[in-house]
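Engineer: Here is how the chains run, residue by residue.
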Amino acid sequence: MSDEWEETETVAARREAEALIIDVDGFEGPLDLLLTLSRTQKIDLRRISVLALAEQYLGFIERARSLRIELAADYLVMAAWLAFLKSRLLLPPDPTEEGPSGEELAAHLAYQLERLQAMREAAARLMGRDQKGRDFFMRGAPEALAVTRKTQFEASLLDLMRAYARLRTRDDFRPYAFDRSDIYPYEAALARLSSLLPGASDWTSLQAWLPEGWRGAPNRQRSAMASTFAATLELAKQGQIELRQSDTFAPLHLRRKSDL
Amino acid sequence: MPDDALSPSAKDAPGLFPAPPMAEQERMVEAILFACAAPQSLSQITARLPQGCDAAEALAHLRTRYQGRGVHLVRVGDAYAMRTAPDLGWLMQSERVETRKLSRAAIETLAIIAYHQPVTRAEIEEIRGVAVSRGTVDQLMEMEWIRLGRRRMTPGRPVTFVVTDEFLDHFGLESARDLPGLKELREAGLLDSRPMPGMAAREDDEEDDSPQTGQSELFED
Amino acid sequence: MPDDALSPSAKDAPGLFPAPPMAEQERMVEAILFACAAPQSLSQITARLPQGCDAAEALAHLRTRYQGRGVHLVRVGDAYAMRTAPDLGWLMQSERVETRKLSRAAIETLAIIAYHQPVTRAEIEEIRGVAVSRGTVDQLMEMEWIRLGRRRMTPGRPVTFVVTDEFLDHFGLESARDLPGLKELREAGLLDSRPMPGMAAREDDEEDDSPQTGQSELFED
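Chain order of the listed sequences is A, B and C.
Going by the numbering used here, the first sequence opens with residue 184, and the numbers climb by one from there.
Going by the numbering used here, the second sequence opens with residue 32, and the numbers climb by one from there.
Going by the numbering used here, the third sequence opens with residue 32, and the numbers climb by one from there.
Treat the hints as calculated values from the structure; they're not laboratory data.
All clues stand as given, with none of them false.
What the simulated footprint calls covered on chain B by chain A, stretch by stretch (three residues with Cβ under 8 angstroms from a Cβ of chain A suffice, anywhere in the stretch; the number is not a length): (1) 62-68; (2) 109-117; (3) 120-130; (4) 140-150; (5) 173-184; (6) 208-216.
Residues on chain B that point at chain A, a partial pick, calculated with CB under 10 angstroms: (7) His103; (8) Ala136; (9) Ile158; (10) Gly160; (11) Ala162; (12) His201; (13) Phe202; (14) Leu204; (15) Leu222; (16) Asp223; (17) Pro226.
Okay, derived cross-link-like pairs now, DMTMM-like style, lysine to aspartate or glutamate, Cα gap no bigger than 25 angstroms in a straight line: (18) B:Lys132 with A:Asp318; (19) C:Lys214 with A:Asp257; (20) C:Lys132 with B:Glu197; (21) B:Lys132 with A:Asp313; (22) B:Lys132 with C:Glu218; (23) C:Lys132 with B:Asp169; (24) B:Lys214 with A:Glu304; (25) C:Lys132 with A:Asp342; (26) C:Lys214 with B:Glu173; (27) C:Lys132 with A:Glu337; (28) C:Lys214 with B:Glu156; (29) C:Lys132 with C:Glu197; (30) C:Lys214 with B:Glu157; (31) A:Lys440 with A:Glu425; (32) C:Lys214 with B:Asp169; (33) C:Lys214 with A:Asp342; (34) C:Lys132 with B:Glu175; (35) A:Lys269 with B:Glu157; (36) B:Lys132 with A:Glu211; (37) B:Lys214 with A:Asp313; (38) B:Lys132 with B:Asp196; (39) C:Lys132 with B:Glu173; (40) B:Lys214 with A:Glu297.
Just so you know, these numbers come straight off a predicted model, no measurement behind them.
By construction, the Cβ of each residue, glycine as well, lies at the ideal position given by its N, Cα and C atoms.
Using the sequences plus the hints, can you model the full thing?
Structural biologist: Written as structure tokens, this is what we have:
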């Protein structure tokens with residue numbers, strides 16, 4: 184194997200990768216990709232081999248993967264479905280299996296492709312029609328139907344819907360205000376912990392440090408636990424206490440630093 | 032223009048006077064349609080004419096008179112307008128209005144709405160096999176080519192989209208059933224809402240609840 | 032288009048193609064005069080026509096053709112234009128309609144009435160967060176977009192507001208329940224504001240059905 188050959192191969196591979204990237208960007212979803220692939224069969228969409236098409240698609244996805252091209256989830260969902268369809272088409276039908284046969288699913292896929300193709304053609308025919316302001320024109324100088332003036336207020340449906348959307352989404356941006364009665368502030372936890380510290384020469388679980396009335400209701404306990412925990416971190420940082428935890432997620436224990 | 036924008040003289044005209052001769056009525060309709068850029072409905076035209084006039088007949092005469100001329104009388108939905116003959120468009124190159132370039136997605140979405148109307152967003156997405164991006168529907172609505180139709184009487188009662196008279200006017204269509212190739216597409220079954228095998232037959236519910244509105248029904252009269 | 036666009040040599044040079052027949056030239060001039068916003072001079076018309084055309088002759092034919100019609104070919108200074116026949120001027124004597132954008136207060140009030148009808152003034156104020164001025168409601172009533180609904184059977188028996196058929200007609204809706212819900216507005220990209228991250232799903236579920244519940248009263252009986 185000569186270097187030159189290797190060189191050309193990598194160039195070819197790079198070209199191929201580039202072409203693929205461009206292609207993936209150019210496709211509007213997996214159905215569009217399938218439609219393009221189906222054209223290589225050069226036959227009427229009604230007589231297309233869905234099995235061959237599924238293999239082509241899976242090959243395309245495989246190639247994209249080997250070239251580490253990121254594909255949108257839609258493409259992978261379609262790949263999974265086509266792999267399933269392929270197995271249904273290849274394996275003898277299982278009489279116990281419920282649901283549509285592989286042939287029915289394949290026929291539907293062919294129908295979807297044909298319909299998309301038909302809509303594409305219809306869109307092209309529509310845009311190819313004579314258009315107002317391009318191929319035919321309205322009166323260039325419409326005559327003012329003047330004499331009495333009357334103000335008519337205009338509003339489009341879009342204006343109306345936007346106004347409503349604006350009103351109804353205003354609340355999204357209202358600053359989040361919470362109910363203070365169930366909040367145990369950090370400052371209070373720090374003050375309480377500091378005042379109780381002299382008596383804490385033994386390891387005590389953090390739970391036991393929660394103030395009275397803050398241990399029952401989950402939301403109150405959560406708030407007190409959070410602020411008390413934050414306070415222990417502050418005190419540990421100051422070197423006033425020691426913290427101990429036997430295992431991940433095990434209860435946290437604390438005590439006054441003995442050498443103080 | 033409001034339908035009741037009766038000119039004072041027409042309003043005052045007592046029914047005692049006979050309606051003007053048809054040739055005169057035709058002149059009047061001609062003047063009205065030349066004066067207005069926007070299509071005028073039969074009732075709008077009638078409201079401007081003296082009492083006893085037959086706008087429909089005058090329109091028919093006028094239409095014949097302008098056949099083969101440089102300017103045509105065209106029908107747009109339920110309204111009428113004068114438009115230049117399409118084969119002479121090249122003469123008016125300096126009058127051309129540049130329309131916003133539509134994306135491929137927008138053009139396809141527009142075609143799907145026109146051919147499948149009334150159609151829901153989910154159905155558009157099923158046909159294209161890809162989500163309808165934000166802004167596509169918005170753009171088509173802003174251009175006044177599509178509008179909201181009746182809600183579908185299916186779970187979730189989704190909104191539907193239909194094309195507007197402005198769409199018809201822009202593409203020189205008398206009605207949505209004059210869309211090119213509509214009949215062939217329908218006969219080929221390509222406008223059916225065919226569910227994926229094994230999925231709940233949503234089709235049935237639809238047909239119970241939304242009669243006479245679908246494009247497919249346009250032909251069944 | 033400059034008047035000297037046509038150099039003498041071009042004018043005199045025998046065209047590569049024969050000039051179209053006079054009937055065709057007449058059609059062309061007809062289309063030009065119809066579509067142009069300003070009157071066109073002879074040289075302007077000539078510049079638009081294919082080589083070898085005789086604009087003056089075409090104009091003369093056209094003028095004869097429109098004699099006695101509802102529209103005339105008239106000379107305006109050195110230029111030509113189509114104008115309504117003077118005796119039909121009264122047909123145009125309708126009201127001149129000036130369009131103006133609806134105020135923000137009015138459009139918001141209208142939107143709330145459309146989505147929540149029947150709705151009381153207090154409820155509108157609650158949703159908008161500000162008082163609804165008398166003028167706003169009066170304006171919407173005068174436009175015949177809203178009207179009084181049934182009185183609410185609550186203390187004080189407040190009046191309610193509902194939208195009118197005129198409203199539906201103007202906005203191209205078949206019924207007020209065809210208005211899209213918040214979720215649909217968002218999907219269609221009609222919401223300027225994005226929801227707070229992570230809140231979208233929950234919020235959509237909640238808000239989507241609220242317009243419906245507001246209107247159920249009106250439609251379900």
